[in-house]
Amino acid sequence: MSKSKKKSLKKIKGFSIQFLPYSKIRNLDSNERVKKILKIILGNNILILQGKLRPEEETRLIGDTMAMIGHIKNFSGVELAVISGNDKQGFFEKMRNSVVSIITQGDLGAITIIGPATIVKEIKRNPEKIELMLS
Amino acid sequence: MAIRIFRNFFKKIFTNLFKNKKDIKLGFYGPPNSGKTSLVNRICKDFTDEEIGSVSKIPHETRSVQFKEKVEISHKGKSMIFKMIDTPGIATKIDYEDFLKYKLKKKQARDRAKEATQGIIESIKWLDDMDMVVIVLDSTENPYNQVNITIIGNLVARKIPVLIVANKVDLKKSDLKKIEAAFPEYETIGISAKYGDNLEEFYESVFKLSKKV
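Residue numbers (my numbering), protein chains in the order written: chain A, 1 to 135; chain B, 1 to 213.
Hint data in this document are derived by calculation from the structure and do not stem from the laboratory. Careful: at least some of the hints might be erroneous.
[Unchecked claim] Subject to a maximum C-alpha distance of 16 angstroms in a straight line, what follows is the list of computed EDC-like cross-link-like pairs (lysine to aspartate or glutamate):
1) B/K125 - A/D64
2) B/K125 - A/E57
3) B/K159 - B/D129
4) B/K70 - B/E50
No experiment lies behind these values; they were computed from the predicted model shown.
Please put together the full structure from these sequences, using the hints given.
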């Protein structure tokens, strides 16, 4: 890709937080999901997604992000965190939530936060809280 | 019908015979600078007298997948042959300016960043090819990092056995309990790749895990 044809992120004059309900990606395939998410991120938005991606979609997101670095001006990657309420569940709670996840085709008990690294410097996470450190 | 059953029986036996003879592909995954190459170097030096790659304080020193074939690990009278696969550290962001802090020139920093992005893509592609994986974490860092969770999630989805290694236990800031608490479903071994501390326990766990392959 030549330099003149490089896409560019607009100079950051601010950012917005966009919420994406799971219903908006439920019927998309993995490729389309990742594309949709990256499109939102490249618009200088911090995305809050209801639910979470599948592990292979997360790695695909990382892979596609890496492929974009160097080709899109001012883009150096993403910060990503998933908060799931399922971490310390017992067997029956896990079973119940698995059934709900199958019916709804997604883990709606989770929230995924993704932002461009130019805006979100770091997402600090521990079992009790999550902190977004902005640039 | 009887011939088909007979044929399938022998096919199964022969397949298993050859499967058992294949070296186990042992991958080392983790975030950048957690000490993957240091650990693989330590193992390779112990059993082959050669190292696999260079190490550095600058993140993303390993920028392409490195192999060492036919590494025979011996432990307590048992031995197994592994193909060691050292992978570039996986990250979600790479900014060449971060490398400038390590006194690299701008061009060197840009090149390193470019190669590091390609290395991460390569690491991800290799996930499918592993027989078992050692996740190497820096025990002085917060383990609740999405990259760690994503890698483990992918390995679980692919039914690849996982062992977690908490490296750098020789450092004061090291917190092994925090790593164990973050991943309670997996066996976690605290080691120091730099000084070779607790490697006997590590080999023991590798042998134990290899039974699941």
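Note to self: Under the constraints set out in the numbered hints, which ones does this structure not fulfil?
What the structure shows: Hints that this structure does not satisfy do not exist here, as all of them hold.
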